Amino acid sequence: MSGQGASLPVLINTEFGGSAKRVANFLCLTLLVMVGVVFVKGPAGLLAEMTLGIEWTNLWGAAIFAYYVVATLVPVDKIIGRLYPVFGAVLILMTTGLLVGTVNLGHRFPALQASHPDGNSFFPTIFVVVSCSAVSGFHSTQTPMMARCLQKRGSAMKVFYGAMIVEGGIGLVWAWATLVFYGGQEGLLKALAFEEGCANGNPAVLVTTILTTLLGNVGGAFAMMGVVVLPVTSGDTAFRAARLIIAEAL
Numbered sequence: 006m007s008g009q010g011a012s013l014p015v016l017i018n019t020e021f022g023g024s025a026k027r028v029a030n031f032l033c034l035t036l037l038v039m040v041g042v043v044f045v046k047g048p049a050g051l052l053a054e055m056t057l058g059i060e061w062t063n064l065w066g067a068a069i070f071a072y073y074v075v076a077t078l079v080p081v082d083k084i085i086g087r088l089y090p091v092f093g094a095v096l097i098l099m100t101t102g103l104l105v106g107t108v109n110l111g112h113r114f115p116a117l118q119a120s121h122p123d124g125n126s127f128f129p130t131i132f133v134v135v136s137c138s139a140v141s142g143f144h145s146t147q148t149p150m151m152a153r154c155l156q157k158r159g160s161a162m163k164v165f166y167g168a169m170i171v172e173g174g175i176g177l178v179w180a181w182a183t184l185v186f187y188g189g190q191e192g193l194l195k196a197l198a199f200e201e202g203c204a205n206g207n208p209a210v211l212v213t214t215i216l217t218t219l220l221g222n223v224g225g226a227f228a229m230m231g232v233v234v235l236p237v238t239s240g241d242t243a244f245r246a247a248r249l250i251i252a253e254a255l
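Okay, so the sequence shown: first residue is 6 according to this note's numbering, each after it adds one.
It cannot be assumed that every hint is accurate.
[As the list claims (entries may be wrong)] Derived CB-CB ranges, DEER-like:
no. : residue 1 : residue 2 : range
1   : V91       : L194      : 19 to 25 Å
2   : M169      : L64       : 29 to 35 Å
3   : E20       : V105      : 32 to 38 Å
4   : V105      : L193      : 19 to 25 Å
5   : E191      : C154      : 41 to 47 Å
6   : A94       : T56       : 18 to 24 Å
7   : L78       : A161      : 22 to 28 Å
[Said to hold, decoys possible] No farther apart than 35 Å at their CA atoms in a straight line, the calculated lysine-lysine pairs in the DSBU-like style are these:
no. : residue 1 : residue 2
8   : K195      : K163
9   : K46       : K195
10  : K83       : K163
Calculated from the structure, these hints are not laboratory results.
Since the model is a prediction, treat every value here as computed from it, not as a measurement.
Using N, Cα and C, we set each Cβ at its ideal position, and we do this for glycine too.
Based on the sequences and whatever the hints tell you, model everything.
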């Protein structure tokens with residue numbers, strides 16, 4: 006916010022000069038476009054699995070990419086600003102439902118029981134998670150865009166730090182629920198290797214199985230929308246951040 010919402014390459018230019026900025030421009034643009042492309046296939050597979058069938062993945066991919074193009078070109082308050090509060094609510098409800106459903110499975114949770122031979126506590130090791138929400142260069146490319154939307158510096162803690170805490174919590178719930186559902190890492194690996202669809206590179210099958218089993222068909226379908234929200238909201242902002250970097254470079 007001190008840089009008036011300047012993008013990452015511009016901030017690098019301030020500290021290290023024009024040569025470093027040109028390298029940063031190339032790396033940021035390349036990686037952002039790659040992120041956007043990756044986050045087309047993932048949600049397309051999820052939507053195809055829960056609607057028309059996996060053979061319709063390309064159609065859903067085209068629809069998601071079309072949304073990315075529109076969200077990239079129009080002002081941030083026209084689409085992203087209107088949809089993100091709804092997306093956030095769906096995501097929180099999905100995570101809460103997944104947490105409650107996993108607890109109701111009735112499984113034992115050995116990870117919550119001390120297993121160290123000397124009886125040492127597992128705290129705080131269980132909360133050390135290196136993931137997209139903990140260590141992320143991708144998020145640093147998004148912060149200038151959000152900084153331009155804030156009216157005061159005091160909101161930065163809630164917006165940036167708060168969002169990472171929530172995302173970290175979502176990641177922990179999914180990791181825990183998946184391992185509990187399949188009886189540990191060995192069961193999960195077997196499911197990934199032999200479940201129909203997963204062996205062909207579509208892990209959306211497991212996501213669908215977990216959610217519909219824990220939450221039922223209706224609850225599972227609603228929760229699936231929360232799963233789709235995660236990559237879609239990363240993809241559209243990735244392309245938008247790339248557009249802003251290009252605009253500043255020109």
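Worksheet entry | Hints not upheld, ascending by number | Hint check: 1, 3 and 8 fail, others pass.
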